[in-house]
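As they're listed, the protein sequences go chains A, B, C and D. Sequential numbering from 398 applies to the first sequence in this note's numbering. Sequential numbering from 398 applies to the second sequence in this note's numbering. Sequential numbering from 398 applies to the third sequence in this note's numbering. Sequential numbering from 398 applies to the fourth sequence in this note's numbering.
I should point out that these hints are in silico values taken from the structure, not numbers from a laboratory. Be aware that a few hints might be false.
Identical copies go unnamed one by one, so any copy, or any two together, can satisfy a pair.
Stated by the list, open to error - Capping the alpha-carbon separation at 30 Å, the derived lysine-lysine pairs in DSSO-like fashion look like this: (1) K468 x K597; (2) K404 x K721; (3) K584 x K655; (4) K468 x K404; (5) K484 x K429.
4 protein chains.
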Amino acid sequence: MSSSFGKIFRVSTFGESHGGAVGVILDGCPPKLKVDINLIQNELDRRRPGQSDITTPRNEEDKIEILSGIKEGFTLGTPIAMLVRNKDQRPGDYDNLEQVFRPSHADGTYHLKYGIQASSGGGRASARETIGRVAAGAVAKQLLKTFCNTEILSWVKRIHDIESDINKEKISLKQIDSNIVRCPDEKVSTEMIERIKELKRQGDSCGGVIECLVRNVPSGLGMPVFDKLEADLAKALMSLPATKGFEIGSGFSGTYLKGSEHNDAFIKSDDISKLRTTSNNSGGIQGGISNGENIEMKIAFKPTATIGKEQKTVNAEGKEVLMKAKGRHDPCVLPRAVPMVDAMVALVLADHLLLNHAQCDLINK
Amino acid sequence: MSSSFGKIFRVSTFGESHGGAVGVILDGCPPKLKVDINLIQNELDRRRPGQSDITTPRNEEDKIEILSGIKEGFTLGTPIAMLVRNKDQRPGDYDNLEQVFRPSHADGTYHLKYGIQASSGGGRASARETIGRVAAGAVAKQLLKTFCNTEILSWVKRIHDIESDINKEKISLKQIDSNIVRCPDEKVSTEMIERIKELKRQGDSCGGVIECLVRNVPSGLGMPVFDKLEADLAKALMSLPATKGFEIGSGFSGTYLKGSEHNDAFIKSDDISKLRTTSNNSGGIQGGISNGENIEMKIAFKPTATIGKEQKTVNAEGKEVLMKAKGRHDPCVLPRAVPMVDAMVALVLADHLLLNHAQCDLINK
Amino acid sequence: MSSSFGKIFRVSTFGESHGGAVGVILDGCPPKLKVDINLIQNELDRRRPGQSDITTPRNEEDKIEILSGIKEGFTLGTPIAMLVRNKDQRPGDYDNLEQVFRPSHADGTYHLKYGIQASSGGGRASARETIGRVAAGAVAKQLLKTFCNTEILSWVKRIHDIESDINKEKISLKQIDSNIVRCPDEKVSTEMIERIKELKRQGDSCGGVIECLVRNVPSGLGMPVFDKLEADLAKALMSLPATKGFEIGSGFSGTYLKGSEHNDAFIKSDDISKLRTTSNNSGGIQGGISNGENIEMKIAFKPTATIGKEQKTVNAEGKEVLMKAKGRHDPCVLPRAVPMVDAMVALVLADHLLLNHAQCDLINK
Amino acid sequence: MSSSFGKIFRVSTFGESHGGAVGVILDGCPPKLKVDINLIQNELDRRRPGQSDITTPRNEEDKIEILSGIKEGFTLGTPIAMLVRNKDQRPGDYDNLEQVFRPSHADGTYHLKYGIQASSGGGRASARETIGRVAAGAVAKQLLKTFCNTEILSWVKRIHDIESDINKEKISLKQIDSNIVRCPDEKVSTEMIERIKELKRQGDSCGGVIECLVRNVPSGLGMPVFDKLEADLAKALMSLPATKGFEIGSGFSGTYLKGSEHNDAFIKSDDISKLRTTSNNSGGIQGGISNGENIEMKIAFKPTATIGKEQKTVNAEGKEVLMKAKGRHDPCVLPRAVPMVDAMVALVLADHLLLNHAQCDLINK
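I would like the entire structure built from these sequences, with the hints used as guidance.
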């Protein structure tokens, strides 16, 4: 149900933030795919807490354990189960929150829906849940790299009102990871880091925008009508905690253009399968199907709901209470959300790669 | 596959724009629901072509035929099949397009994916495909009205750069439908209509933003992790033709706020199930689950790709050609997209209503 | 929901027995597949009522109408919608049944579940619902024939206690269709026809066993654990009206053998992909995956529940009533069930062919 | 994909027989359900190897570890992840099998499909995979017991040719578990145990039939057309290792009856929701929907493929080899298959309970 994603390359995650473990089952992965476990661990390291001064101080090593589906570095075609134990749990930190609803957090809605909640912390609403996504996404990335040389790059575009101006042509993973905020603009990244630290000192938080670029996308991925590639990407990214908006290609700003300005002109080509366009307002997708251009997206992340400042709120009886979060939390989720965006995009593309292969490559090739 | 949507309240659409018919099967609808066929026809009338000077002149009555699942105005609990015949087909209009890829349209990607295309017109990429969605959505609306008194209202917020300022408290369907552009701001709507007519005269097109408001949403709809309510809404709306962006609640602009500014404070309440917040930056959803506040969304629609102006493009051999669309098309899709937005939102909410009932109302009640 | 079948080669059927029409949407079919409409009509003719003295006299031409997804004899890769109008409806025939539950029929359970029923006749429980299955199955058969030269043959093995002894090596469609009971044993078929006629005269009915043989099954179809090929075949066939039992390979009788007797020995082969076995107790499937041998199944069909004899039963108030069915019904469903079995088997195999291609043929080829 | 089962009460299993662990995620379980972990462990003990002289000597404690979704004995409504470590692994036992295909086992088909296999033992085809099913089924059993007082009882009906005659009215779990073969007929069970021991001594194996009875089934579970209750039960049970046949109610033997003999007459009743029938050839299901009578099924299990006797077979190069299994295996799977049957039936019924509640209890109650 709600903890599964994908049609035939399909992940199912589990785990509460302060329970025994979090993890994922990845089913439907092709057999005999070479998988480098270090690359999985590396993505988890990019998303792990405690990685820098501007993330939550919760200190988790987040060491991945592979329980099934991989043998001597190759996939078996059977479910790949991956597990990370929760270690640095401090349920006590949230004791004062147990029956208090943090404003704009999931505490209240979980209580209204289920009438019961995980002991403490965010339960399934915690960012720890994304460990399973990131681990499975790291396998998806390797699948895409192996078959299509596809490269997924996400970075912090804006923090609060500090915006970077990135040359997408040249951007690389190395640049993105060169600083702790994951904005590949050296100068601007320093300002961003300062802003986050300042807000943290104030017991406050901020949000921003992550941009994602996918290179070497095969044309033909995606489908008409409901399972359009941009629709599945939108769902995937809007399922990440704290997201409030999604844009593909020209997004909202494209709506200020006329059709004659917005249309992406095709460039003549001897090889129709390698058709390119002069501009990319479409963001690499037309009619729900990739056209071979880069996929380009932007995702809005709201400021972290859990803040140190005192706030008025209510408890599970509806009575007014004052609260001040003691739990460890990120003053800004974006630096750690970068690998989550990568992962969700990889999961969508891997699923659509297999789906397209299933339906359209039986006859053509 | 790609033409089905929903988990247990599930629609499957079919039909090409110039084929025999378009339609939908709606499966999983509760039995004994009173359904007014006139309300279904009314929604189709709101989306039908030829309804005004600013829509495509293709003249289709779009008369709904119910083939199954309803008896004397009540649902049977079995699949509801609904059909609309294509009548005013002029495949000849698109003869010059058959092997020509309209820029930023689905022609090229369909060809790359399938290697074969519907005779003419947009095939499944045509807005005619949405007839099935709108018909099924009209049933979903009645289900939501019957069980929760839920009301879904969408309207044109902006056309090109002409923006309206709407008082959401007072807005009504009557106001929205009081003018042909479906912007409930009388003065601004006149400007919008003028702009669309002007661009039409120029053989050009424009886009804009539709806003959607849902009142009386029961709390508890939606689920953690992947099937968050906002994620399913994002997918539903980004699956509509011509969409480029989606926002829930504060959207992209909310990312300029600090956490202390963005958080929606709860108001104390004796009845916890009727909890409200002082602001609604969350847009009615927290942690993927509705909190009982209004759901508020914005959707970006790009300018129509098919324009009358001459454009350079390529044909299926990759050779450069000049084209000038003769087919009938909308200079701006937004007025007709309003009922499509309503429909997709209704389908998502109806499905989540049943899903929540399945999992969470067995014990509670 | 319950009216859809298949994961990526997916059918959704609709229609009540005495409503406007019955039909099907087939989604996920590969594009550019050559489809002969006559072969679809031919399968419908094999299942249509009124085809002989031993079937229901309801006279329906069951002429197929293709609404979408096929252009000039080739699939577009988009949903194929197919429709058959109900013509020879006589709702009056069932007037005396409207609130009476036929013993062992779906009348009672539909009433208990939905609290409302189709006007008359069996609604979705009628054999007319299978029209959509047979039409879609005829497309699946052509897909399987085109890609793998796969041939599906079903026939009547036993009627009541009259059993045939068939040489499976030589059996052909022509033989099967050479008589109206569809038993390819000329002598025994005459006895079967006599038995059915005799029971019909008595206002009674009978059941029996259909056998199914699939030749040229590619190895590798099916999956471990839940979606084993035999499990999906069992579900497909047990979803046909009136089925009470399913066997693959040695079935129940194989349980009387010892392992050393039951095991199918492999025959050495230079080409491992063409591995064969000396016996076929496995029925062509091992561990849920096809091994390249013929798939062999048997399906038990109970005697028709609707009979002309007077029976004691109850009405919707639970009161005892006497009933004697006036509606037109089959004294034995098996002759018309043969094409239904073919269709369901074809749908399962086509779906698994695409699924296997998706997961396992990306790397191998 | 293939390792998931259920629509909204959904399990996903993972794990190879000789990997790190096997387990399951159960998603969609209602919140606030009281779950007794001992009852889960108890079901695992019923299926664990090494429990008696007539099962495999592999000695696994199979101690369940709950990783998420349960807090202080109550479900949270979030995914319940359960894990069992593999301890008594002896991959060496199967060394001589690594590239040898055991006749009638999954070795050959896994190799043909995936081109790669788990290190040794059966991988996903091993009975160890069913641990996840049994653990999740034990939760489903508690759900059914809590809401409907439903009781699922399975037992060994026949071993090889030794058949028991059971009085279904009186049968109890205590009787079933009173002997190691799980046949509640004391005298016959002794013969069965002797037969199994004798065949084990000969290095041979046997199969048989398990019968399943479900009491207190609410009417209205199941759906028309494809997701008929008996169809989902057939799939569930035919997905268990070694199954070759499935019967509901009268099964194959019912096909020897006339309609007038086979029909189950309704008994008049003041309360229509408690309608009963004089006989139960339907096996508790009519038209795909439960009628409130007991559900009755029979499942055929073939003799274990892995035997100690020397057999001729082939290796992965297609060359002929002689083999004699050294690995520990069951001479007869039925005693341990009893809790597997219980589990699969529970999973199907729990899913259909929620599905029926979702669609049909919104209006009625």
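A quick look at each hint next to the structure:
no. : hint        : in the structure
1   : K468 x K597 : neither (45 Å within a copy, 33 Å between copies)
2   : K404 x K721 : neither (42 Å within a copy, 40 Å between copies)
3   : K584 x K655 : between (35 Å within a copy, 22 Å between copies)
4   : K468 x K404 : both (24 Å within a copy, 28 Å between copies)
5   : K484 x K429 : between (33 Å within a copy, 26 Å between copies)
Comparing the model with each earlier hint shows violations of hints 1, 2; every other hint is respected.
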